[in-house]
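Residue numbers (our numbering), protein chains in the order written: chain U, 1 to 149; chain V, 150 to 298; chain P, 299 to 711; chain D, 712 to 1124.
By construction, these hints were calculated from the structure, which means they are not laboratory data.
Misleading hints may appear alongside valid ones.
[Unchecked claim] Partner residues aside, some chain D positions facing chain U, computed with beta carbon under 7 Å:
{"no.": "1", "residue": "Leu-775"}
{"no.": "2", "residue": "Glu-780"}
{"no.": "3", "residue": "Gly-975"}
{"no.": "4", "residue": "Thr-976"}
[Stated by the list, open to error] So these bits of chain D aren't anywhere near chain V, every CB distance computed over 10 Å:
{"no.": "5", "residue": "Pro-730"}
{"no.": "6", "residue": "Arg-781"}
{"no.": "7", "residue": "Ala-794"}
{"no.": "8", "residue": "Ala-1062"}
{"no.": "9", "residue": "His-1063"}
{"no.": "10", "residue": "Arg-1071"}
{"no.": "11", "residue": "Gly-1079"}
{"no.": "12", "residue": "Asn-1080"}
{"no.": "13", "residue": "Glu-1084"}
{"no.": "14", "residue": "Arg-1118"}
Even for Gly, the Cβ is constructed at its ideal location relative to N, Cα and C.
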Amino acid sequence: MFDDLRDLYSAEIRAHGRTPAHGQRPAVFDASAKGDNPMCGDRVQVFVRRDDGRVAEAGFEARGCEITVASADLMCEAVRGQPVGHIRALSDQVAAMARTGRCEACDEALRDVHPLSAVHEYPSRVKCVTLPWHALLAALHGEKETTSE
Amino acid sequence: MFDDLRDLYSAEIRAHGRTPAHGQRPAVFDASAKGDNPMCGDRVQVFVRRDDGRVAEAGFEARGCEITVASADLMCEAVRGQPVGHIRALSDQVAAMARTGRCEACDEALRDVHPLSAVHEYPSRVKCVTLPWHALLAALHGEKETTSE
Amino acid sequence: MNVMTKPVFDVERIRADFPILSQTVRGKPLVFLDSAASAQKPRPVIDAMVQAMETQYANVHRGLHWMSERTTDAYEGTRDAVARLINAPSRDEIVFAKNTTEGINLVAHSYGRGIMKPGQAVVISEMEHHANLVPWQMLRDAHGVELRVAPITDSGELDMAGLEALLQDRKVGLVAVTHMSNVLGTVVPAARVAALAHEYGAKALFDGSQAAVHRPVDVQAIGADFYLFTAHKLYGPTGIGVLWARRELLEAMPPFMGGGDMIGTVSFERSTWAEIPHKFEAGTPAIIEAIGLKAAVEYVEAIGFDAITAHEARLTDHALARLSDIPGLRVLGAAQDRGGVFSFTMEGAHAHDIATLLDRQGIAVRAGNHCAEPLMRRLGVDSSARASTGIYTTMAEIDALADTLLRVREFFA
Amino acid sequence: MNVMTKPVFDVERIRADFPILSQTVRGKPLVFLDSAASAQKPRPVIDAMVQAMETQYANVHRGLHWMSERTTDAYEGTRDAVARLINAPSRDEIVFAKNTTEGINLVAHSYGRGIMKPGQAVVISEMEHHANLVPWQMLRDAHGVELRVAPITDSGELDMAGLEALLQDRKVGLVAVTHMSNVLGTVVPAARVAALAHEYGAKALFDGSQAAVHRPVDVQAIGADFYLFTAHKLYGPTGIGVLWARRELLEAMPPFMGGGDMIGTVSFERSTWAEIPHKFEAGTPAIIEAIGLKAAVEYVEAIGFDAITAHEARLTDHALARLSDIPGLRVLGAAQDRGGVFSFTMEGAHAHDIATLLDRQGIAVRAGNHCAEPLMRRLGVDSSARASTGIYTTMAEIDALADTLLRVREFFA
Ligand SMILES: Cc1ncc(COP(=O)(O)O)c(C=O)c1O
Ligand SMILES: Cc1ncc(COP(=O)(O)O)c(C=O)c1O
Chain U
1 MFDDLRDLYS AEIRAHGRTP AHGQRPAVFD ASAKGDNPMC GDRVQVFVRR DDGRVAEAGF
61 EARGCEITVA SADLMCEAVR GQPVGHIRAL SDQVAAMART GRCEACDEAL RDVHPLSAVH
121 EYPSRVKCVT LPWHALLAAL HGEKETTSE
Chain V
150 MFDDLRDLYS AEIRAHGRTP AHGQRPAVFD ASAKGDNPMC GDRVQVFVRR DDGRVAEAGF
210 EARGCEITVA SADLMCEAVR GQPVGHIRAL SDQVAAMART GRCEACDEAL RDVHPLSAVH
270 EYPSRVKCVT LPWHALLAAL HGEKETTSE
Chain P
299 MNVMTKPVFD VERIRADFPI LSQTVRGKPL VFLDSAASAQ KPRPVIDAMV QAMETQYANV
359 HRGLHWMSER TTDAYEGTRD AVARLINAPS RDEIVFAKNT TEGINLVAHS YGRGIMKPGQ
419 AVVISEMEHH ANLVPWQMLR DAHGVELRVA PITDSGELDM AGLEALLQDR KVGLVAVTHM
479 SNVLGTVVPA ARVAALAHEY GAKALFDGSQ AAVHRPVDVQ AIGADFYLFT AHKLYGPTGI
539 GVLWARRELL EAMPPFMGGG DMIGTVSFER STWAEIPHKF EAGTPAIIEA IGLKAAVEYV
599 EAIGFDAITA HEARLTDHAL ARLSDIPGLR VLGAAQDRGG VFSFTMEGAH AHDIATLLDR
659 QGIAVRAGNH CAEPLMRRLG VDSSARASTG IYTTMAEIDA LADTLLRVRE FFA
Chain D
712 MNVMTKPVFD VERIRADFPI LSQTVRGKPL VFLDSAASAQ KPRPVIDAMV QAMETQYANV
772 HRGLHWMSER TTDAYEGTRD AVARLINAPS RDEIVFAKNT TEGINLVAHS YGRGIMKPGQ
832 AVVISEMEHH ANLVPWQMLR DAHGVELRVA PITDSGELDM AGLEALLQDR KVGLVAVTHM
892 SNVLGTVVPA ARVAALAHEY GAKALFDGSQ AAVHRPVDVQ AIGADFYLFT AHKLYGPTGI
952 GVLWARRELL EAMPPFMGGG DMIGTVSFER STWAEIPHKF EAGTPAIIEA IGLKAAVEYV
1012 EAIGFDAITA HEARLTDHAL ARLSDIPGLR VLGAAQDRGG VFSFTMEGAH AHDIATLLDR
1072 QGIAVRAGNH CAEPLMRRLG VDSSARASTG IYTTMAEIDA LADTLLRVRE FFA
């Protein structure tokens, strides 16, 4: 019945969505920010530890759908070791990917994030993918809250 | 060209509209009130002198169209000698006449007002007819201002 | 309208009046179960708007010409239709606003700031839509009025004893509650609430956004002081809603917005206000929308609320039976008196994911907090999915929902 | 849009797009010269609204289903169209209100009460519509802000020296003037006004209700801080208008109304606001109307403002020539830069009587104070008749007006 949804809800994504590896507050972190999706009530809080200008570790706490949680988990994976200054570019690429479904020019670091591009067929779900990235950027910029609008 | 308007702008009405007999503040009056038509800017101030429970004299000052002035003038004529308690009934009859064009049950005192019934074809002009009556009622009830809404 | 000649309720005939219902979505026939967010429009509403724009349109109130007079008659005619619909004592008490939200903001401004005194209180309930919460918060913060929240019971009904307790100190100037919850479907006993409010010297406002769609409303029988609804949920156009209030309240309240049409006379020094209802309608109103609203009112009146509530009761019983058969599914709220709104959660599946799966099958439901975040908190859920019915909803659509939810459950198992 | 393929301006082709123009009134073909009050709607606007209601409708922003997503795209797409129309730097700066009037009230509340301090002043002009006067009076009375009135010259133009004099003490926080007078047709030199305001530390607001219909508007070239217009005069639907303001102003301003869609998170204690523009759009917006507005914007863009202003210049020259030939007729205002709005008085005939006689011939003009009572006082008239043009107005219609006015004069002689 939901065959055409197997892209979006692939085994990969569902695993990240249900049993995220990074779905907790790290023992040590130096920045954190919340992201809210006011239209639906989803909330993600991202925690990040930096080391020598790079993201050393990221984790999150979320109340949200599988897509949001999966995106947060894949993000935490993808940004580990990335230069802090590079995160915005990655975030922009994810946003474009979620909107258009395409990611030809995406950074190698985003390889595992690609399956989420299936979300582009469901515009109202695009925010589920981008919300954790907004929260991460906010944390890195010293803000406390953000929204996914 | 304007043949179908000869009813509304009859010689009678036009005479009252252009050279009203009562278009001034009487030397003596015991009540007065203004009426405004906020949608168009017309204004009538009515002055009235009472004697022994009857309208002894009425006069007005107006800035307004010919229909308003004619209605005010015909009103002043019609109410002279009428019991104060009867004015609301007369006013209601005039309002009904202006809206419907009919006045079978109208008071004899309103005979000369009848030609104004032609206004019923022009709903937005009905207020021109009723405004002076509203002001007169307001004056008799001790109010200072009224509108024709 | 002659009750004798009213045709029996025939949902297929009604569906034929709604062009959108024959659309397909993602290759599937549209099953529109999101009417509580906004309802679809029947042909008579669309036609009335088109006819106005094609044959009889000009600005209202101001023109001394035929088109303006006819348009004014049509616009003002809607006040009569609405007054009849809710049994308002006078057409002059019908104020048009953009939607319910603007109407409540108008009351918060003109009654709240204009009449209430700092130190007084407003009571709302735990199950309010943000539209009947945020304006009172803003009033609280700007005007020093206290905001109190009446509890609901675990079955999702207004806790009348809890409400009465909040009124005891007689500081409450206004009780403002929903007439029907957009999350729980609960219909609030409005007449009892109004009587209680009055007993303690408070006015009673009802947010009828949902109730006016599902129940006959009689503001006099309720004893309401303010009543609001929004046209787009009543099968009418967007951009117009209704505030009804008692004449003496409207007359005492200062205006909300300033501009054309709401004035008596204007000088740079001072302006005077027009009579009600015009005092509260600044600027060019939603003319075409008012004309559409009249058609919507006439449309539901022609069907009749007896038939509408009977149809809805059948749908509701069926929906509750089918939904409660789905393992792991929890319907929020269990009020005695409830309308066709079903919010639910499902174990192991997030509301958004449910909504997306349903959408893939052409079934439109809403998911999220339904503009009632504090209520969600009270219910202990982050978000829920919500299916809601309209006059065009069929038993088969309820079955499609339930059948698909069973598959959703498998998918997420 | 490709400028090269733009068809030449053909008024008969344009007229064919407006169904209402083939109507008769009192047995005569409609000559609609009341477009400044509200314009007629072309078929693409009507069709866009109908198509939305028939095939693609649901509430916006909230739904996770196909209909809601498509409707949201359409609704939000209007922001892009409007941003392009007025050359706004960002679509996020486009706020939808009910009409110009609500937009100005929003600014008076959120900027006036929210940002300005008691003791500051607002400057308006002598030729404002009540919509750009009454809200500032209400702000004055509620918030202790002074209201100053910049004079106009006898030719009906803004007196720039007079304006500058009012700014000298640097107390003025906002200069709020019309971009084009709805009585005199005067087009105000907006860029000069904005520069002057900025020189003295004030913001500049322009009421573009009339200007946006007759002139290309570029808010960046003007240097405006706030700009407003109303869809129904721009051949669009009733029930929707536009407030544009600079991002940093919108971000600093508190919200106007509270409710759904304008919030970030809500608890009973405290709410946070959504990002702009949503912060200023509480409740279900005028969705169908926004969709109609987009069609209206595209319609005028396809014709092009070059063609529109050229057509209007021809009509204006002709109208002024014909009207000035009528003995006893006085056209109000004689600005150098003026659009297709002609207010006039006639010796021996009151404006209402003129309007009724014209109406009898199917010619729709307005009469009264045109929601600009103080201006009428300044001009020394109680009321005037007003003819105003649209893109569909023909030379023959101007001739019909002038010919009939000659007969009106005879009638009242
Ligand atoms: C110059 C001007 N400003 C403001 C308005 C008010 O527009 P609206 O009634 O659509 O709010 C109008 C038209 O009525 C106008 O001509
Ligand atoms: C109970 C309730 N109140 C208020 C509203 C707000 O209505 P609107 O958005 O039309 O102002 C809604 C719907 O959104 C509602 O369901």
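task = Identify every previously stated hint that the structure contradicts and give their numbers, smallest first.
result = 8, 9, 10, 11, 12, 13, 14
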